[in-house]
Amino acid sequence: MERGLLISVDGVEGSGRTLHVEALKKWLEDMGYVVTTMGLQTSQLMSEPLSEVKRNIVFQRFTLFLAYATDLTDQAENVIRPSIKSGFIVIADGYANTLKAWALTRKLNHAWVDGVLSVLPKPDISISLISPPTVIVRRIIKKRGFLDPLTSAVDLCINEDLFHSFLRYVNKFQSNLTALTDGSGTVFRTNKTFDQTNKEIISYVEGFLKR
Amino acid sequence: MELKKRKGVIIALEGIDGSGKTSQAMLLRDWLSHKLDTFFTEWNSSEWVHKVIKEAKKKNMLTPSTFSLIHATDFADRYEKYILPMIKAGFIVVSDRYIYTAYARDTARGNDLNWVKNVYSFAVKPNLTFYIRVPVEIALSRIKENRRFIKPSEAGDGMFPHLTPEEGFIKYQSMVMDAYDRISKEEDFIMIDGTMSPREVQTKIRERIVDLLWKEDS
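Protein chains in written order, with my numbering: chain A, 1 to 211; chain B, 212 to 429.
Derived from the structure by calculation, the hints contain no laboratory data. Wrong hints could be hidden among the right ones.
No farther apart than 27 angstroms at their CA atoms in a straight line, the calculated lysine-lysine pairs in the DSSO-like style are these [what the hints assert, rightly or not]:
hint : chain 1 : residue 1 : chain 2 : residue 2
1    : A       : K26       : A       : K192
2    : A       : K85       : B       : K270
3    : A       : K54       : B       : K262
4    : A       : K54       : B       : K292
5    : A       : K54       : B       : K299
6    : B       : K218      : A       : K107
7    : B       : K299      : A       : K107
8    : B       : K268      : A       : K54
9    : A       : K54       : B       : K270
10   : B       : K265      : A       : K54
11   : B       : K270      : A       : K107
12   : B       : K268      : A       : K85
13   : A       : K26       : A       : K199
Isolated chain B (complex conformation):
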């Protein structure tokens, strides 16, 4: 098949922790990178802001506003340094979480959605956003099968000091999922049932990407 002529592309994967989106994003990256110039980026991974966030969380220093702004700084650093130049240069950017993660997590902490949307309005919207949706209980059981403990960030980073990590996970991820569900339509999410087998999920994702990038055989 012949490639459509187009500029760079961003493909975003969103979903709660334990939805399988990171595995899907990596499968996608490996598949695409054999065919095209591909760049892979993850949430909260700026070389310098990531360290500041980690330290701040350890010391419990963040409030809802600074939680939001410091993650926006992390995103902006990756956006200005990598994502935007890559898109302009014609790369396919696969983003494990994009601005919608901030919409969901920041509003779960009580920030106003319109304020958060404005903060991230400098970023271009993805060409495709896959929302891998799984019930919170299934996400939890997957995490428990794979490793024994729940990361603080998966249980709201101290938002619910009186809950056990598992209860915190259920509560926080439910809030995040509600937020995703609310913005799903207006942001044109492609909803994918994350309870399917990993292979089925990947197949669905690739179908949409083929439509976007390649011309049909004529």
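Just chain A, with the same shape it has in the complex:
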């Protein structure tokens, strides 16, 4: 049987990750592929405990990082590896690069972060989504109605209002993500219409599949 493959889609909340994952999944299924999706904080092991305690451990960066690493590794072993073995395509809605960009923006040591995550399978296709911070904030507010401090890097917001602090956070996060993607994946800008970016992603993946 042909080996499946892993496509990672990385980006900050509001970068369009989930929408593009859904669209890519639909396109691949139309082409006849069997597609499984997974993503940050969706493991059987850690997803519920994380959502319960996150608010209390927002300043414990090593703990949070290791909890997310456990979450991704659990999915790597129970979803990614078996699916790829069965010839499926796995799309990750947030994978190692999202977690790495999160960690680097919080000044965790790069070599340490890479070392911990070296147990994860490498993606065959790595896609990173980037948008101007103001666009991202607008999307989040539209969807949620407000900026939730918990998911808006309140741990980095010192002596500043959450809005401006978050803009700076998104900037740093995205420049880290861009650097991480360089050489091993492709960055797509999502500040065009959804269809334009979607077409770019599809033709990129299509090019890979034809190889």
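Following the hints, complete the assembly by docking chain B onto the known chain A.
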């Protein structure tokens, strides 16, 4: 005797299950807490991760990598929340098991030692690490004398499904002990013969701690 001026201190106790290290750690905590601000912490005791681990073990959900990472999460939670602030504030932290437990148990499960070392490299090394060493057979007989059953975690948590709990205990604890023995020198373990009486073991431990914390009478 006068106390040496120093920042906080971590004292770790390591050893296989049944080595007597928990009793020793508690004796030490009680002795120290009369004199100094002391904090006691145990392996696998984070308020929230502990529950997740227990549940995951019950459902047999852990692989070698996730076993390692989830215990690292438990440790990190206690480290960031208690251990590090305590050290900075000048407490004496007595740790019943520390990162070396992960080195030993995780490699017994097949994880790469260098990978495990990197995972735990955010933690400061203890000022003193006591390795209470007893032969596996003696540890087993102590456990049998004290209570009738062997906990699954003491027999490798399903690593050896075909062995009886006692056989599993011997096999798993031997692997853990080999791992301790291998890192003992490079990590400056103070090896203590755990077959001595509890009082003798405690005396040896206290001697080293007095050297570390107090100035000689002048």
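*asked:* Just to be careful, I want the Cα atoms of K218 of chain B and K107 of chain A compared with a cutoff of 27 angstroms; is the pair within it?
replied: Roughly 25 angstroms between the alpha carbons, so the hint for K218 of chain B and K107 of chain A holds.
*Mind checking the alpha carbons of K54 of chain A and K262 of chain B for me, to see if they're no more than 27 angstroms apart?*
Within the cut-off at roughly 15 angstroms; holds.
*Assess, step by step, whether the Cα of K85 of chain A is no farther than 27 angstroms from the Cα of K270 of chain B, and give holds or violated.*
With Cα atoms ~24 angstroms apart, K85 of chain A and K270 of chain B stay inside 27 angstroms; holds.
*Is the Cα-Cα distance between K268 of chain B and K85 of chain A 27 angstroms or less?*
26 angstroms, holds
_27 angstroms limit on alpha-carbon distance, applied to hinted pair K54 of chain A and K292 of chain B_ = Holds. K54 of chain A to K292 of chain B sits at ~14 angstroms (cutoff 27 angstroms).
*Take the C-alpha atoms of K26 of chain A and K192 of chain A, compute the straight-line distance between them, and say whether it is at most 27 angstroms.*
20 angstroms, holds
*Is it true that the CA of K54 of chain A sits at most 27 angstroms from the CA of K299 of chain B?*
25 angstroms, holds
*Decide if the proposed pair is consistent with the structure: K265 of chain B and K54 of chain A, CA atoms, cutoff 27 angstroms inclusive.*
Since the Cα atoms of K265 of chain B and K54 of chain A sit roughly 19 angstroms apart, the hinted pair holds (cutoff 27 angstroms).
_Checking one constraint from the list: CA of K270 of chain B to CA of K107 of chain A, max 27 angstroms. Satisfied?_
Answer violated: K270 of chain B to K107 of chain A is near 36 angstroms, above 27 angstroms.
*Straight-line Cα separation of K268 of chain B and K54 of chain A no greater than 27 angstroms?*
Answer holds: K268 of chain B to K54 of chain A is near 22 angstroms, not above 27 angstroms.
*Do the alpha carbons of K299 of chain B and K107 of chain A lie within 27 angstroms of each other, as the hint requires?*
20 angstroms, holds
*Does K26 of chain A pair with K199 of chain A here, judged by a C-alpha cut-off of 27 angstroms?*
13 angstroms, holds
The structure fails hint 11 only (numbered hints given earlier).
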